[in-house]
Amino acid sequence: MQYFFVALLILTPITVAGSIVELSPNILFFLSALAIVPLAKFIGEATEELSARSGPASGGLLTATFGNATELLIGLFALREGLIEVVKASLTGSIVGNLLLVLGTAIFTGGTRYKTQRFNRTAALANASTLLLAVIAMTIPAIFFQTAPSASRSAATESLSLLVSLLMITTYLASVWFAIRTHPYLFSEDMQHYQAKWTVKKSITILFLATLAAAWMSDILVRSIEPVALGLGWTQLFIGVVVVAIVGNAAEHTSAILMAAKDKMDLALQISIGSATQIAMFAAPVLVLASVLFPHPMSLVFDTFELAAIILSVLIVNLIVGDGESNWFEGLQLLVAYAIIAVAFFLHA
Amino acid sequence: MQYFFVALLILTPITVAGSIVELSPNILFFLSALAIVPLAKFIGEATEELSARSGPASGGLLTATFGNATELLIGLFALREGLIEVVKASLTGSIVGNLLLVLGTAIFTGGTRYKTQRFNRTAALANASTLLLAVIAMTIPAIFFQTAPSASRSAATESLSLLVSLLMITTYLASVWFAIRTHPYLFSEDMQHYQAKWTVKKSITILFLATLAAAWMSDILVRSIEPVALGLGWTQLFIGVVVVAIVGNAAEHTSAILMAAKDKMDLALQISIGSATQIAMFAAPVLVLASVLFPHPMSLVFDTFELAAIILSVLIVNLIVGDGESNWFEGLQLLVAYAIIAVAFFLHA
Amino acid sequence: MQYFFVALLILTPITVAGSIVELSPNILFFLSALAIVPLAKFIGEATEELSARSGPASGGLLTATFGNATELLIGLFALREGLIEVVKASLTGSIVGNLLLVLGTAIFTGGTRYKTQRFNRTAALANASTLLLAVIAMTIPAIFFQTAPSASRSAATESLSLLVSLLMITTYLASVWFAIRTHPYLFSEDMQHYQAKWTVKKSITILFLATLAAAWMSDILVRSIEPVALGLGWTQLFIGVVVVAIVGNAAEHTSAILMAAKDKMDLALQISIGSATQIAMFAAPVLVLASVLFPHPMSLVFDTFELAAIILSVLIVNLIVGDGESNWFEGLQLLVAYAIIAVAFFLHA
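Going down the list, the protein sequences come from chains A, B and C. For what it's worth, our numbering labels the leading residue of the first sequence as 1, then goes sequentially. For what it's worth, our numbering labels the leading residue of the second sequence as 350, then goes sequentially. For what it's worth, our numbering labels the leading residue of the third sequence as 699, then goes sequentially.
If you're looking for bench data, these hints aren't it; they were derived computationally from the structure. Hints are supplied without guarantee of correctness; some may be wrong.
[To be verified] As a list, the in silico SDA-like pairs of lysine to any residue whose alpha-carbon atoms are at most 20 Å apart:
hint: 1; chain 1: C; residue 1: Lys813; chain 2: A; residue 2: Asn120
hint: 2; chain 1: B; residue 1: Lys613; chain 2: B; residue 2: Pro533
hint: 3; chain 1: B; residue 1: Lys613; chain 2: B; residue 2: Tyr463
hint: 4; chain 1: A; residue 1: Lys202; chain 2: A; residue 2: Arg53
hint: 5; chain 1: A; residue 1: Lys115; chain 2: B; residue 2: Val525
hint: 6; chain 1: A; residue 1: Lys115; chain 2: B; residue 2: Pro533
hint: 7; chain 1: A; residue 1: Lys202; chain 2: A; residue 2: Tyr3
hint: 8; chain 1: A; residue 1: Lys115; chain 2: A; residue 2: Ala261
hint: 9; chain 1: B; residue 1: Lys464; chain 2: C; residue 2: Trp875
hint: 10; chain 1: C; residue 1: Lys813; chain 2: A; residue 2: Arg121
hint: 11; chain 1: A; residue 1: Lys115; chain 2: B; residue 2: Trp526
hint: 12; chain 1: C; residue 1: Lys900; chain 2: C; residue 2: Glu743
hint: 13; chain 1: A; residue 1: Lys115; chain 2: B; residue 2: Thr531
hint: 14; chain 1: B; residue 1: Lys464; chain 2: C; residue 2: Ala872
hint: 15; chain 1: C; residue 1: Lys813; chain 2: A; residue 2: His183
hint: 16; chain 1: B; residue 1: Lys464; chain 2: C; residue 2: Val874
hint: 17; chain 1: A; residue 1: Lys115; chain 2: B; residue 2: His532
hint: 18; chain 1: C; residue 1: Lys895; chain 2: C; residue 2: Arg751
hint: 19; chain 1: A; residue 1: Lys264; chain 2: A; residue 2: Asn120
hint: 20; chain 1: B; residue 1: Lys464; chain 2: C; residue 2: Tyr883
hint: 21; chain 1: C; residue 1: Lys899; chain 2: C; residue 2: Val990
hint: 22; chain 1: A; residue 1: Lys115; chain 2: B; residue 2: Leu522
hint: 23; chain 1: A; residue 1: Lys262; chain 2: A; residue 2: Glu325
hint: 24; chain 1: C; residue 1: Lys813; chain 2: A; residue 2: Arg181
hint: 25; chain 1: C; residue 1: Lys813; chain 2: A; residue 2: Leu186
hint: 26; chain 1: C; residue 1: Lys813; chain 2: A; residue 2: Arg53
hint: 27; chain 1: A; residue 1: Lys115; chain 2: B; residue 2: Leu535
hint: 28; chain 1: C; residue 1: Lys813; chain 2: A; residue 2: Trp177
hint: 29; chain 1: B; residue 1: Lys550; chain 2: B; residue 2: Leu561
hint: 30; chain 1: A; residue 1: Lys202; chain 2: A; residue 2: Ser58
hint: 31; chain 1: C; residue 1: Lys813; chain 2: A; residue 2: Pro184
hint: 32; chain 1: C; residue 1: Lys813; chain 2: A; residue 2: Leu173
hint: 33; chain 1: C; residue 1: Lys813; chain 2: A; residue 2: Ala174
hint: 34; chain 1: B; residue 1: Lys464; chain 2: C; residue 2: Arg879
hint: 35; chain 1: A; residue 1: Lys115; chain 2: B; residue 2: Ala523
Looking at chain A on its own, in the form it has when it is part of the complex:
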């Protein structure tokens, strides 16, 4: 597996070369998307290595920042291009994709090997309630925007977005504190006793280089979204929700399935649901705050369709992990829910 990802690193120089000789946007789009996959993987590994050496508190903060580095990078470059709808779509896609596609595939794969797989309900539900809080934090501004009197609407929504974003980031940091300081025993032991294999220097070098390369690839990816959307007749919404989200979460996807296949469901859930929570409670509000620096600021107001997809995903995941057991049919249900939402975004012209 590791060799496969190392081999994929060759895609980064190929993509750079391709962008210099001005290949067609369609080719550049797929090259850069694929190139991000191994980079995300190495960013993840370097973060984990550094966390293992740095002690829980700063380790938690590291994971919070670099855990979704690719989503944040793609988001920042898209904000710079003014592609606000693409940013919102890819945030939606990352949340929905982690909850339904990643978790669904993991549960389904695990379920084909084991009749019933068990996991820690309390830890799963701790994440679930944070997700529901994220749903509240994203729903209130949307309804606010739809019902506020039009005169003061934009300014008031903007203030609300910024305040809610600050509250979300604070809560996310509190959840890191909760998980690593006050209640670590609630979470899987497998996650706590990770044995570092790399030196600090090696970890920092890899983290630095992989993040730099991922930033470059994200830039190329984002620049090609508009021409690709035009060329293939796909909507920017679909590209954001499905393509960008799958690319950005490919690493999580692989790990979650591997863990489920080894019957380590606590880890599989932590990766998928934890990643969705991180994007909703950290990446999304960070991008909202960062957008103030760009010409077109982004509010927390997601459109009804995106919001419905997020709310329904959170509800079904809650119901499915709520009993502390999983089986192949529950995995299938999540995958079908994902298929329905993906088809709808594809057709939503």
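Take the given structure of chain A and dock chains B and C to it, following the hints.
Coordinates of chains B and C only, in the frame set by chain A:
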């Protein structure tokens, strides 16, 4: 009880005679509605007998097809008449009616005899998550329709409806496979060891005759809906949601209450929640697909009011069965929820 | 603590005097708001004392009526002034405030002292399903109003409101019957064996005087809402949702935190969730029915924003109490949810 249903069979020839001598639509409406009740009962019994003889796999398929034969027949005749709103209303009414009225009466009746009744949470929640998936499958097209740009809206919604319907039927068949093949032990033993009492020939004959008669009655019933709505000043929505739904589920209603009174709550839940799931995940998408053959195709887009009734019913049933126990007050809560929804549909001019 | 409340009683004559010498509305608003706090406390205590002496059945009824005496009084005076939006906002605020602010502070405070606090899931969920029923009862009329054809809309919504209100009050009385007669063992023992300390005469006298004084203060409070809203530039919605709701529930707030700090979580939950249930299922419909006597009747139709706040609060409380355990982070989540909603109401011009 059995004799009572046999005696009610006399209503079938009476209704046929009445339709020949052209009785008033009001009388024909109530005669045909009542005539369907015993026929639904015999279709159900013949299906169960055949299933017991045919082995689980084909038995499951039989139940899937004939389990809601009356709803499907009424739906097909109403589609032929172009009464698309009535079909959607009666699907809504069947789902809401099974979840709130049938289950509510069963839990309330059981609760007047037993202080607390217990049942298998896991099996109940397996059905509950399928129901939530049905909610997703019905909500996404509705929001899609409301938010899609108007130019391509009808065509895109039509495609989405058909694709989602295929996904729903596939999932439903997978749930049958799950229940009878890979995880039968999750479900009540009472359901598995049914001892067939009729010969195959007798079962097939009864199934054939009862279905034929039910089709005839459905035809008469559906034809009288429009004049009855005009004559009594009732809305077609109310007739679909309340009257047609109660008639189509009278058999489930009786069995669920009998089971609850004998403290066989697993069966009572399986009948009511299982029947709602079957209608949502099988009957509804089958009617959507079948509607392509008629001049007015029907989409999966339910109106906001119907959708809200379904979503709220699914949520409260989840909460009430989620703890694996029931009592009279929980039954009352479901009945009050039903009363609120029924009154609203009655007043919704 | 007790002495503090006794001392605060001095605010009642001060407020009366202030209203006679026509102090500015801003000062009268804050004086009367503060004056209500100790009165609500004594109404609550006198009710508890009387209940302990009067036997469970009439005790339950007493609590139902006087448990939210302040909310009812403020509501009635606001109805008289035609401030229908203020009444709805303060009902919303009382429900949301009890579920998020009161319960959140209690869980958070308890969580800073105890690692994990446990409570009876069944009793908590019994209240939770009643709350969800209240959500149904409030959502159906709102969607009805939005989707009904405009010709008959007002009259039909009015009828629906009255019928649903009657159903809600009946269900509430049934829940009292359930809690004190048929299933008292589900609820905390601490609540059942309250030892009366006051004589019946003393209790009745205090109840009478405190209610009278609370009525007077409510009258002054309500009259000052409009000028205060104008003067401070606050919306009436915000005053209702946040200010009036905090004042009306100050007593519950204090008790719930004290109970949580003593690790009596069953009582803390009963006070906060029970109080929210009481307002939703009893105070709200009573005010709807009472409003028929005033020139401007009030329907059960809450606006989308209020409804969303209530629905989301009920969902997150369900998730958080559903596992029978709490910790500081769960308390924080509820408080953050409250902050988001309060900020939104403040900005909602």
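Hint check:
1. Restraint check for Lys813/C and Asn120/A: the C-alpha separation of about 18 Å stays at or below 20 Å, so the hint holds.
2. Taking the CA atoms of Lys613/B and Pro533/B, the gap is near 18 Å; set against the 20 Å cutoff, the hint holds.
3. Restraint check: the Cα-Cα separation between Lys613/B and Tyr463/B comes to about 11 Å, which is no more than 20 Å; the hinted pair holds.
4. For a cut-off of 20 Å, the pair hint linking Lys202/A to Arg53/A stands: about 12 Å separates their Cα positions.
5. In summary, the hint linking Lys115/A to Val525/B is supported, as the alpha carbons are separated by about 16 Å, within the 20 Å threshold.
6. This hinted pair checks out: Lys115/A and Pro533/B have alpha carbons roughly 12 Å apart, not beyond 20 Å.
7. A distance of roughly 18 Å separates the Cα atoms of Lys202/A and Tyr3/A; the hinted pair therefore holds under the 20 Å criterion.
8. The straight-line distance between the Cα atoms of Lys115/A and Ala261/A is roughly 12 Å, inside the 20 Å bound, and the hint therefore holds.
9. Between Lys464/B and Trp875/C the alpha-carbon distance is near 14 Å, which keeps this suggested pair within the 20 Å criterion.
10. This hinted pair checks out: Lys813/C and Arg121/A have alpha carbons roughly 18 Å apart, not beyond 20 Å.
11. Taking the CA atoms of Lys115/A and Trp526/B, the gap is near 14 Å; set against the 20 Å cutoff, the hint holds.
12. A hinted pair counts as satisfied when its Cα atoms are at most 20 Å apart, and Lys900/C with Glu743/C qualifies at roughly 11 Å.
13. The straight-line distance between the Cα atoms of Lys115/A and Thr531/B is roughly 8 Å, inside the 20 Å bound, and the hint therefore holds.
14. The straight-line distance between the Cα atoms of Lys464/B and Ala872/C is roughly 15 Å, inside the 20 Å bound, and the hint therefore holds.
15. Proposed proximity of Lys813/C and His183/A is supported: the alpha carbons are some 8 Å apart, at most 20 Å.
16. The straight-line distance between the Cα atoms of Lys464/B and Val874/C is roughly 16 Å, inside the 20 Å bound, and the hint therefore holds.
17. The straight-line distance between the Cα atoms of Lys115/A and His532/B is roughly 8 Å, inside the 20 Å bound, and the hint therefore holds.
18. A distance of roughly 10 Å separates the Cα atoms of Lys895/C and Arg751/C; the hinted pair therefore holds under the 20 Å criterion.
19. Only pairs whose Cα atoms come within 20 Å are accepted, and Lys264/A paired with Asn120/A is accepted, the gap being roughly 11 Å.
20. With a C-alpha separation of about 11 Å, the suggested pairing of Lys464/B with Tyr883/C holds against the 20 Å cut-off.
21. Pair hint Lys899/C plus Val990/C does not hold up; C-alpha atoms about 35 Å apart against a cutoff of 20 Å.
22. At most 20 Å may separate the alpha-carbon atoms for a hinted pair to count; Lys115/A and Leu522/B meet this at roughly 19 Å.
23. For the hint pairing Lys262/A with Glu325/A, the CA-to-CA distance comes to about 15 Å; that is within 20 Å, so the pair holds.
24. Between the alpha carbons of Lys813/C and Arg181/A the distance comes to roughly 12 Å, so the proposed pair stays at or under 20 Å and holds.
25. Of the pairs offered as hints, the one joining Lys813/C and Leu186/A holds, with about 11 Å between alpha carbons and a cut-off of 20 Å not exceeded.
26. In summary, the hint linking Lys813/C to Arg53/A is not supported, as the alpha carbons are separated by about 27 Å, beyond the 20 Å threshold.
27. The suggested pairing of Lys115/A with Leu535/B holds, with an alpha-carbon distance near 11 Å, which does not exceed 20 Å.
28. A threshold of 20 Å between alpha carbons decides the hint, and for Lys813/C with Trp177/A the separation of about 14 Å falls inside it, so the pair holds.
29. Taken as a hint, the Lys550/B and Leu561/B pair is honoured in the structure, with Cα atoms around 17 Å apart against an allowance of 20 Å.
30. Taking the CA atoms of Lys202/A and Ser58/A, the gap is about 18 Å. The hint holds against a cut of 20 Å.
31. With a C-alpha separation of about 11 Å, the suggested pairing of Lys813/C with Pro184/A holds against the 20 Å cut-off.
32. Simply put, Lys813/C and Leu173/A have alpha-carbon atoms about 19 Å apart, close enough for the 20 Å limit, and the pair holds.
33. Under the criterion of a C-alpha separation no larger than 20 Å, the hint pairing Lys813/C with Ala174/A is consistent with the structure, at around 15 Å.
34. Distance check on the hinted pair: Lys464/B and Arg879/C sit about 12 Å apart at the alpha-carbon level, within 20 Å; holds.
35. Taking the CA atoms of Lys115/A and Ala523/B, the gap is about 15 Å. The hint holds against a cut of 20 Å.
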